[in-house]
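Asker: The residues making up each chain are set out below.
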Amino acid sequence: MVEIDRQLLERIDALTLGESVRAWKRAMKEAGWKLFADREKWTVESWRETVGMDLELRRALLFRKIVENVEIRIQDYDLLAGRLTPAVIGCATSIDVCGDYIPGIWKDGEELRITMDANVGLDRESVEILRASAREFRGRTAPEMTYKAWEAVVGEWIRDAEAAKLKDPTLDTGIFGQTTSVLMWEKILREGLGGIIREARAHIDDFVEKRGTDIDRLYFWQAAVIVCEGAIRHARRYAALAREMAAAETRPGRREELLRMAEACERVPEHPARTFHEALQSMALVGVCKNYEHPMHNNPQWGRADQYLYPYFIRDVGSGTISLEKASDLLAELIGRWGTQTFVSSESSMESHQINFGINNVMVGGMDVAGRDCSNELSYLLLHVVGLLGLSSPTLGLRWNRGTPDWMMDKAIRTNMATKGGIPLFENDEVVIARFVEDGIPLEEAVEWCGLGCVYPCLPSRAEHYGSEGVAACNLAAMLHLVLHDGVDCNGRRTGIATGDPRDFGSFEELYDALLRQHEFITHRVFWLAAIARKEQAKYMRLPFLSAVGVQSCMDLGQDLLIPDPATSIYGISDRAIIDVADSLMAVKTLVFDSRTLTMAELLEALDGNFEGARGEEIRRLCLAAPKFGNDIEEVDLLARRLSEDSYRIIRAYDNSPFRPYMVAREGLAWHYFGGLGVGALPNGRKAFEPLNDGSLSPMRGADRKGPTAVLRSALTAGFKESHASVLNQKFTASMLRSEESVGKLVAYTNAFMAEGGTHIQYNMVDTDALRDAKAHPEKYPDLVVRIGGFSAYFTQLSPDIQDDVINRSEHSL
Amino acid sequence: MDITGENNPARTAVIVNIQGFSLHDGPGIRTVVFFKGCPLSCRWCANPETLSAEPQVGFLETLCAGCGGCAAACPNGAIRTGEGDHRVDYARCTGCGVCVEACPDGALVRYGERMTVAEVWDEVRRDRIFYRSSGGGVTASGGEPLLRAGFVRELFELCREGGIDTCIETCGYASREALGEVLSVTDHFLFDLKLIDPARHRAHTGRENGPILENARLLAKSGADVLFRQPVIPGLNDSPDDIEATAAFLSGLGLETPRLELMPYHKLGQSKYRALGIKYPMDELGPDGHERAEQVQKAYLDRGIHCTVSR
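Protein chains in written order, with this note's numbering: chain X, 1 to 814; chain B, 1 to 311.
Each hint should be verified, as a subset may be incorrect.
Heads up, incomplete: computed chain B residues facing chain X, CB under 8 Å, no partners named [unchecked claim]: (1) H24; (2) L63; (3) G66; (4) R110; (5) E113; (6) R125; (7) F130; (8) R132; (9) L183; (10) S184; (11) S271; (12) K272.
Rather than coming from a laboratory, the hints here were simulated on the basis of the structure.
Glycine is no exception: its CB is placed at the ideal position from the N, C-alpha and C atoms.
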C-alpha cells in the first residue's frame with residue numbers, strides 16, 4: 001500500500017472550483033437544453049454510401065463519417081476538447097440506433113414530442129433532418145424490429161405488460177439497443193488508440209497468413225481500425241480548431257490554454273498519455289467518440305478513476321508539472337461535462353429516471369487482489385471535487401471494505417454533509433466481490449468491479465449487457481396486484497396467469513404460493529423475450545468503437561460486443577419492490593389470516609376502491625398499523641428475506657440464456673415512482689399509483705418509527721445476500737449531524753452496518769426545502785425527527801411557528 | 001435475576017421514548033431511555049412531557065380535523081369537541097390513551113408507557129453493533145432517571161453483562177442513596193448545574209440546589225467520569241457572578257480538569273407545552289442562547305474550565 005501524503009490531503013481540503021469551472025457552471029445555469037440533429041445528417045449520408053456492405057463495416061464507416069464531420073466547438077471555458085454538442089447543455093439524437101426515443105418520429109406529419117424541456121431548440125431545419133433520417137432508418141433499427149418479433153410470439157402481451165409496469169419499458173430502463181461497458185481506460189491511456197490499431201492489424205495479418213475463413217472476424221478487425229482512425233482524426237480536428245482560435249486570441253492566458261489543448265489533441269488519443277493533462281484529454285476525446293457512436297442514456301463510465309489515473313496524477317502533482325488546482329479543475333470539467341451532455345429520452349424514461357442528465361459513475365476505493373484497500377490521494381480528490389460540483393450526475397460510489405482507511409471515511413462523511421447527501425454512496429466491496437466469485441468470476445477480475453449508472457456493479461473486463469436485451473427490471477408489486485386480481489392487471493388486461501380468486505385462499509401459504517407462480521410466469525416470459533431480443537439486436541446494430549476500446553475479449557475474438565458470447569458476456573436483471581410486497585403480505589397475513597380482523601373480500605374491496613369507500617380509511621389504518629419492515633420486527637423482516645431468496649431462485653431457475661447465469665441486482669435509484677404507476681392500492685396501505693418505496697431495501701415512507709439503527713437491523717435481517725446490489729436510503733436532518741463529533745459517529749455507524757454485511761447505504765440530508773415541504777405535507781414525513789440541544793420531537797407534531805424556527809436553524813447550519 | 005417486574009413495581013418505569021441513534025448524549029452512538037417524571041420544574045424545560053411521572057395525552061391542534069372521534073371514545077369524558085373547539089380537560093384525563101387510538105389524524109399523542117426492565121433491555125440491546133463500532137451505549141435520561149434508581153441499576157447491570165457502555169443524564173436532584181445505587185454500574189455522568197445561587201435556583205426550578213451540589217461533590221470524589229452541563233438562559237443564569245460562582249464550584253471539586261458543556265436555551269419546547277395545555281413559562285424571555293453561549297464559553301475557558309458548547 002502506498003504511503004499517503006497527509007499534507008496533500010490537507011491541500012485538497014482547501015481547494016475550491018477554479019474560474020473555468022465556475023464560468024461553465026454559470027453558463028449552464030443560464031443555458032437551456034439544445035437539441036442538435038447534426039449527427040443525423042452524417043448517418044444518413046454514410047448509410048447511403050455503404051449499401052450492400054457488411055453491417056460491422058457499415059457501422060464503422062458511419063461512425064467515422066460522424067466524427068470526421070460533425071460540428072465541433074471549443075467553449076471559452078473549456079480546458080479539455082471534446083463535447084458531444086456545441087451547446088453548454090446539449091443533446092444529440094440517434095435515430096439510426098433507436099428512433100423510438102422521439103415519439104412521432106416514424107410517421108411524417110405526426111407531431112414530434114421531444115421530452116427534454118420546453119427550451120430544446122428544435123428549428124424547422126432540425127425537424128427536416130430528423131425526418132429524413134427516420135425515413136432512411138425506418139424498419140432498420142433494433143428496438144423497432146424486436147418489438148415486431150416479440151409481437152409475433154406473444155402478441156399484445158408485451159405492450160400490456162409494459163403498460164402494467166410488470167417489466168421495465170424496453171426503450172428506457174430496459175436500456176435497449178445499448179450495452180454499457182466501462183471503457184478500457186487504463187489500456188487506452190497506456191497504449192493509445194494507435195496501439196489498438198496495431199493490435200487489430202496484427203490480427204488481420206494473422207488471419208490472412210493463416211487463411212482464416214470466419215470472415216466476420218476479419219470485418220470486425222477492419223472495423224476496429226476504421227473507428228480508431230476516425231477517433232484520431234476527430235482529435236486532430238480539435239487540434240486545428242484550437243490552433244486557429246489561439247491565433248486569433250488576444251488574452252495571453254487563454255491563448256496559452258488553447259495551445260496546450262492543441263498540443264494534447266495532436267498527441268492523444270493516438271499515442272500513450274504522458275501527463276495527467278494528456279490522460280484526461282485522451283479520455284475526453286475517446287469518451288465523446290463513444291457517445292457519438294451511440295448518444296443515448298449512459299455516458300462513458302469513469303470506473304476506478306482513482307486507480308488508473310493515479311500514476312499520472314501523483315507524478316505530475318509531485319513534480320509540479322501541473323498544479324493541484326489545475327488538476328482538480330480538469331477533473332471537475334470532465335466529470336461535469338459527462339454529467340451534462342445528454343441524450344434524448346422518451347417520456348417514460350423521464351418518468352423512470354426523473355432526470356435528464358447523462359448517467360455517469362465514478363468509483364473510488366476498493367480492494368486489490370491481495371485484499372488491500374487501494375484508496376489514495378486521488379480518491380480523496382475525487383470525493384472533494386464531486387462534492388464541490390454538486391451536480392445530480394455523476395454518481396460517486398465508495399467501495400467500502402474493512403481496510404477502508406479512516407481518512408477516506410472521514411472525507412466521505414464530510415462530503416455527504418457538505419452536499420445534500422448521496423456523495424458518495426457506500427457499496428460493500430466484500431459482498432460484491434464475494435458474489436462475483438461465487439458466480440465463477442476469477443478473483444483478479446472480480447476486484448476490478450465498478451459501478452455502472454447508479455449502483456449496478458459491473459466488470460470492466462466483460463461485455464456488460466445490463467438491460468440491453470430489454471429486460472432490466474421486473475416488478476414484484478405489479479405481480480402481487482395480479483395475484484390479488486386472479487391475473488388481471490391494473491389496466492384490466494389479463495397479463496398474468498389465473499391463480500384463483502384470493503377470496504378462496506384458505507391460508508397465507510396459498511397466497512404466497514400464488515405470488516411465486518405469478519412470478520415464475522412473468523419471469524419466464526421476460527427471459528423468453530430477452531432471447532428474441534438478443535438475436536434481433538445483432539441483426540440490426542453493431543458497436544465497433546465501443547467493442548474495440550471497451551472489451552478486450554472483443555478484440556481477441558474478433559467479435560462485436562452485441563454478438564452475445566457465452567464466455568465473456570454478462571447479463572443482469574433486477575427484481576424490484578420486494579419490501580413493498582413483504583409489507584403487503586405481512587398486512588394480509590396479520591389482518592386476514594392471523595387476527596381475522598378483516599375478510600379477504602373486505603380487504604379487496606377497500607383496495608379496489610383505493611381506500612376511499614365506506615370503510616376505506618378505517619381499513620387503510622389497519623393496513624398501515626400492520627408490522628412494517630424497517631422497525632426490526634423479525635417476522636416481517638424474515639418475510640422480506642424469504643421473498644428475496646425465492647425471487648432469486650425463480651430467476652435463476654428460469655434463466656434460459658446460454659450464458660453465465662443472470663446477475664440479480666436490485667438498484668434503481670428513481671425507479672420507485674415509475675414502478676408505482678402500474679400498481680393499484682396495496683395491502684401495506686399505499687394508495688393506487690403512488691410511488692413504491694424508494695430504493696430496494698428502504699422501508700416504506702414514514703413506516704420506520706424506531707429510528708435509523710432499527711432500519712439497518714431490519715436490512716441486515718432481510719439480508720438480500722443473493723443480490724449484487726441493493727439500495728438503502730436514509731434521511732437525516734442537518735441539525736442532527738451538525739457537530740464535529742457527528743462525523744466520527746456517522747463513520748462508525750456506516751462501518752458497523754457494512755461490517756455486518758450491509759450491501760449499500762446512502763444518506764440524504766434533509767435540507768430546508770424538504771423541511772418546508774414537510775410543513776406543507778405532513779403526511780409525507782411522519783418519521784422526520786428533529787433533535788436540537790436535548791430537544792427531541794417529530795417535526796410534523798410541532799406547531800407552525802416552531803416548525804419555522806427549526807427551518808430557520810436548518811438554513812443557518814448548512 | 002428476575003427482570004420480569006411482574007410483581008415488583010420498582011421494576012417498572014414510565015418511559016416516554018427510547019431513542020436510538022442519539023449522537024449528543026454521551027460518547028458514541030447511543031440509545032437514550034427517557035424516563036418520565038422530574039423533581040424539578042425548570043422554567044426553560046424543553047421537554048415538558050417528561051415532568052409528570054404518569055402517562056399523559058397531548059393534543060396537537062394543527063393536526064386535528066375536528067371529527068369528534070376522541071370525545072366519543074374517551075371513557076372519562078375528558079374531551080370536548082365542537083365547532084372550532086377541542087379541549088382536553090387535563091384534570092379528568094388519566095392518560096389512558098384510548099383517544100390516541102381513536103384519532104385518525106395523529107392529533108393525539110400518548111406520552112409515556114409503563115415498561116419493565118426486560119422490555120427496555122430488549123429495545124436497547126439491539127444496537128450493540130453500533131455501540132461497539134462507535135464507543136457508544138445506553139443513556140438513561142428524562143425526566144430524572146434517578147427517581148427510578150432501582151430500575152436504572154437493573155438495566156445497567158444487564159448492559160454491563162452485555163458489554164454495553166452506560167451513561168446517566170441527571171439534574172442531580174436525588175437522594176444520596178439513589179446516586180449510590182447506580183454509581184458502580186454507570187460509566188459516565190452528564191450532570192446538570194443550572195444555577196449556583198440557592199435562592200434563584202429555587203425560584204426558577206422549584207427546588208433547593210443543596211442536594212444537587214452535594215451529589216456533584218460526591219460524584220467528583222468517587223472518580224466517576226462526569227461531564228457537567230449548563231443551560232445558558234440569557235438574563236437568568238449567565239451573569240458574570242453566575243459564571244464566577246459556577247467556575248468556583250467546579251474548580252473546588254478537586255478534579256484535574258472540570259469539563260462543562262453549555263446548552264444554549266431555545267424555545268422549541270413551546271409546541272409541547274401547548275399540546276399539554278400548559279402555559280409556556282418563559283414567554284417574557286428574549287432570544288435563544290446560542291450567541292450568548294459562545295461568550296459564556298469564553299468566560300469559562302478564561303477561568304480554566306474545559307468548556308464546550310453543544311450544537
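Asker: Hints numbered earlier in the text: which of these fail when held up against the supplied structure?
Answerer: 3, 4, 5, 6, 9, 10
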